[in-house]
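> Based on the sequences and whatever the hints tell you, model everything.
These protein sequence lines map, in sequence, to chains A and B.
Read in the working numbering, the first sequence has 95 at position 95, and its numbers run on one by one without any break.
Read in the working numbering, the second sequence has 91 at position 91, and its numbers run on one by one without any break.
Any given hint could turn out to be false.
[Claimed, not checked] Pair ranges (Cβ atoms, derived):
1) Leu30/A to Ser160/B: 24 to 34 Å
2) Leu243/A to His169/B: 55 to 65 Å
3) Glu81/B to Tyr133/A: 38 to 48 Å
4) Ser139/A to Ala168/B: 17 to 27 Å
5) Gly87/A to Arg75/B: 37 to 47 Å
6) His169/B to Asn157/A: 19 to 29 Å
7) Tyr133/A to Tyr93/B: 49 to 59 Å
8) Arg206/B to Glu37/A: 32 to 42 Å
9) Glu2/B to Ile17/A: 14 to 24 Å
10) Asp91/B to Gly187/A: 57 to 67 Å
11) Ala6/A to Gly174/B: 26 to 36 Å
Simulated from the structure, these hints should not be mistaken for lab results.
Here the structure is a predicted model, which is why all the values come from computation and not from measurement.
Beta carbons: idealized from backbone N, C-alpha and C, even for Gly.
This is what each chain is made of:
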Amino acid sequence: MYSCFADVERLCAERGIEPVQLFVENEMRLTGRTEREVYDRMDARLTIMEDAANRALSGPLGSVGGLIDGLAQAQWRYAQGARTLCGAFLNRVMARALSCSEVNASMGRICAAPTAGSCGILPAVLLTMQEQYALPRRSVLDALLTASGFGAVVMKNATVAGAEGGCQAECGVAGAMAAAAAVQLRGGSLAQMLSAFSLVLVNCMGLVCDPVAGLVQVPCAQRNASQAVGALLAADMALSGQLFPIPADQVVEAMARVGRQLPIELKETAQGGIAATRRGREIAREILHRERA
Amino acid sequence: MELSLFDVVGPVMIGPSSSHTAGAARLARVARQIAGDFVRVSFGLHGSFAKTGWGHGTDRALVAGALGLTERDERLRDSFEMAKAAGLEYDFYTADLDVPHENAVKMTFFSADGGRLDVVGASLGGGRIVITRIGEYPAEVTADAPTLVIVQKDRKGMVSQVSQILAAHDINIGVMRLSRTARGEVACCVIETDGELPDGVLGEVRSVPGVLSARSVSV
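Set out below in structure tokens:
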């Protein structure tokens, strides 16, 4: 069986199979579910993701503190205009990531991927690619299962908790998972998936977790949007043929090590980074005062 | 790989926090099933639950769980209003609990006849929980599987009688834990089973001489 990416590469090469088959077979062995049951279960999660990725596009939902209310709608409207720098596609990706974050912040239903704070990244990438390229649902499910398999390797060998590894471990890993999924959806190889996965982690290595007022809003929502875009940039780099020179297992190891080196102030405690700015602390006091009033 | 894909993409939950919102709802829903009938519940918030719970809806999630709502039910945010309509009283206070967990809560359930039961539990992250104390008994209930919680007189043959009932219903026991109080007269037995308990099993367990109470916790 496998416990690291080197194992995944070896097993897929030996058997001439795609990683998704390896991951689904492992799931069947582990849980006793049939292939159909595994796909149906993931299908239900994809439906939750679709709802969260689209719900806030039409208007704000109202969250505690309200720091990110309306961001998704504004980004979605902007995406339809002619003035974007990055085009409609990337702007729609960002809008959907923001929508998930808004749903999460307003006590709506989301699917953690791999955490609640990073729940917008996979849906934004997968669903906007599905829309852009008219992909069948089965392909999107395969990509989601592949992303999950990649995430499992990180959870086993490192961490996906912001309190342990900072934002690089949460939104960073979500972006890395999404990058691998995006490469698969474009027909790339496992080597390219691993390269894209590594590139995302490398490009945000050391990113801290510094939520203003301790709320999962700022800068979490913005980082969902940026990591979703970062996943697509990494996928494009990998698909162009760029194979990152450091193996994915070692990149994950480096991410985990950097996470351990981060001081506690920069790991979800709202004591550092953006949370500890003068305005960040003011916002925290204002919200606390309002909520307790 | 011993991790499920659904532990990576999942759980499906009400935001914003798997530990402070989903875990809190799950803790109270599991505790509710152990407590039985009650008219008032008091929540003692410990550690991060007390410090940052307000921004994560921990209070609403706990009340939702006490009402029996799951961590994926969108009515969770309306739980205060639902409790009022249902006539359930609740209150919160800051507690300093003797637990090795950052996110923990002491839930005291008051029944109409004046009875009370303290249940202590912790949220472990990712929506996973553990109940660490039921009344005066140390416990370890994760509710990952259907669970039977039995309070019984601590004497020979009790465990075998209960397991015979389960075997007769073709229910496989996954884990069984027995804990005693210092006095050693009464014990708390927690049994995780591989499948949901069929109707009637609980009644049979309760009729075993020496069983003081039996409750089932569904996943």
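> In ascending order, which of the hints set out earlier in this document are inconsistent with the structure?
Hint check: 4, 6 fail, others pass.
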